[in-house]
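If you read the sequences in order, they're chains A and B.
Numbering-wise, our numbering puts 230 at position 191 of the first sequence, and it's gapless, one number per residue.
Numbering-wise, our numbering puts 244 at position 239 of the second sequence, and it's gapless, one number per residue.
Treat each hint with caution, since some may be false.
[What the hints assert, rightly or not] Residues from chain B shown here face chain A by an in silico Cβ test under 8 Å; the list is partial: (1) Leu61; (2) Arg96; (3) Asn105; (4) His111; (5) Val153; (6) Leu157.
Because the hints were derived from the structure by calculation, they are not lab data.
Source: prediction; values computed, not measured.
Glycine is no exception: its CB is placed at the ideal position from the N, C-alpha and C atoms.
One letter stands for each residue in the lines below.
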Amino acid sequence: MMGLLGKGLILTGQIFAVTLLGALPLGVLIALGRMSRFKPLAWLMRLYISFMRGTPLMLQLMALMFGPYYLFGISLSSSWKYFACDIGFILNYAAYFAEIYRGGIQSIPRGQYEAAEVLGYSKSQTFMTIVLPQVIKRIIPAMGNEIITLVKDTSLAFVLGIMEMFTTAKAIAASQVSMLPYAVAAAIYWGFTLFAEALIGRVEKKLSYYHD
Amino acid sequence: MATGEILLRLEDAHKSFGDNEVLKGISLSVRRGEVVAIIGASGGGKSTLLRCCTLLETLDRGNLSYGDLQVTTDTGAGAQYAPKSVLAQARQRFGLVFQNFNLFPHYTVMKNITDAPIRVQKRQKDEVFAEARELLAKMGLSDKENFVPCDLSGGQQQRVSIARALAMDPSVLFFDEPTSALDPELTIDILRVIRGLAKEHMTMVIVTHEMSFARDVADRIIFLDAGLVAEEGPAEEVVNNPKSERLKAFLRHFQSGGVD
C-alpha cells in the first residue's frame, strides 16, 4: 500500500509544483491585465477571473479533458489527461492568485511609485524592483492559504483518472475493503501541508527584516 | 543675489482638477545657486506647483523648461509635453524630497541611495558607493548604511531621502514640506541639513510652513494664494514687510502659532 500511495504522492507533488510554477507568474499577468487602463483587457480579465472562480474546478478539468473531442472532434492521446490537468489547475489558480496580487499591488502607497518616477526608474523597473518585492511580503498570508488549499485540491485530478494519491487511496480502499488507505492518505496530505506551511513560514521570516 | 543662469523656468502654469482650478497662471524662474521658498495656506497650490515642476502632475497650460530642455510648450490649445526621452533627461536635472520621505522600505539605507544612480544612471558601483558614504557622513548617518528605513527615526529617514536625491546629482532640488511629518525636535536636524546645502550653493525650491526658516535660508520667497503668486521678493522683505493684506493675514496666523 505504501508503495502505491508513494507513487501517487509523486504525481500529487507534480501537479502541485507545476500548478505553482505556471500560476504564480500567470497570475501577475492577469492581475496587471485586470488593472490595465485599456478597458477591454481589464473587462476580459475580470470576466476570466469571475468564470474561473465561479465554476467548479472539477467541471473545468472535465471540460479541458473532453472539450477537444466533443467540441472539435479531435481525439487526443491518453496522455492528454495530464496536460488537461496541469492546464486546468494553472488557469484556475492563476485567477485566485491574480486577485491576491491585485490586492497587494493596490496596497502599495502612491508615494513609492512617485519616488521611483522622480528617480528615473522605468515603469518595468519600478514594478519589478520596487513594487513586486513589497507586494510579495504583503500577500504571503493570503498566498499561504491558497497554496495549502492547492495541496488538497490536487485530489480533484481523480476525475480525470490520474493516479495521484487520492485516486490511488480510493482504489486500494475499494480492493481491500478498508478505510485504512484513506486514513494514511489523509495523514500524508496533512504532512504535505505542514511542509508547505513550514516553507511559507521561512519565506515570511526571510522578509521580516523590514516592516512598513 | 543669485545671478547664475536660469535652471528652471515656468511660465503661465495652469492646472485644474475637475472644476477646481488650482494653478491659475503661475510663472517662476530659478537661477543657479538660488534658494526659493514657496509659502502659502493649504490649498493655495504649493504642492501642485511642485508636483507639476517635478512631472508628477501634468500642466493643462503653460511652458516649463529645465535649462535648454523644453519640457512643455504651450501651443495655445494646451501644454504640449516633449517626447518621453526628453522628459527622462529633464528628470535627471531635478530631485524631490517628499513630505513623508517615500523611502523604499525593503532596501537598506545604502541601497536606497545607490540603486537609482547604478540602475538608472548606469554609473560605476564603486564610485556611487563612495559618494553615498560621503553623503551619509554629511547627514550624520555613517553608522546607519545597513539599516532599513523602519529602524530609523523620521528625521533620519528624511535625511536619507535627501541623500538619495543628492546622489542623483540634480541641478535643482525640490522639497515638499520636508518637515511637516516630523516632530519639532527632529525638524531642526532637517533644517540644519538644508541650511548646509544652501551654504554650498545648492539650488533649491522649498515648500515650507517654517516661516523663520524660510526667511533665514531662502534668497527669495514666493507667496501663493488661491493659485496665483500673490507676493514675491527677497526673503527678509516678504516676511518683515508684507505688502498685501493676504500675506499680512497669513503671517499673523503663523505668529499666533496657528500652523496647519
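Problem set entry | Hint check against the structure, violated hint numbers in rising order | 6
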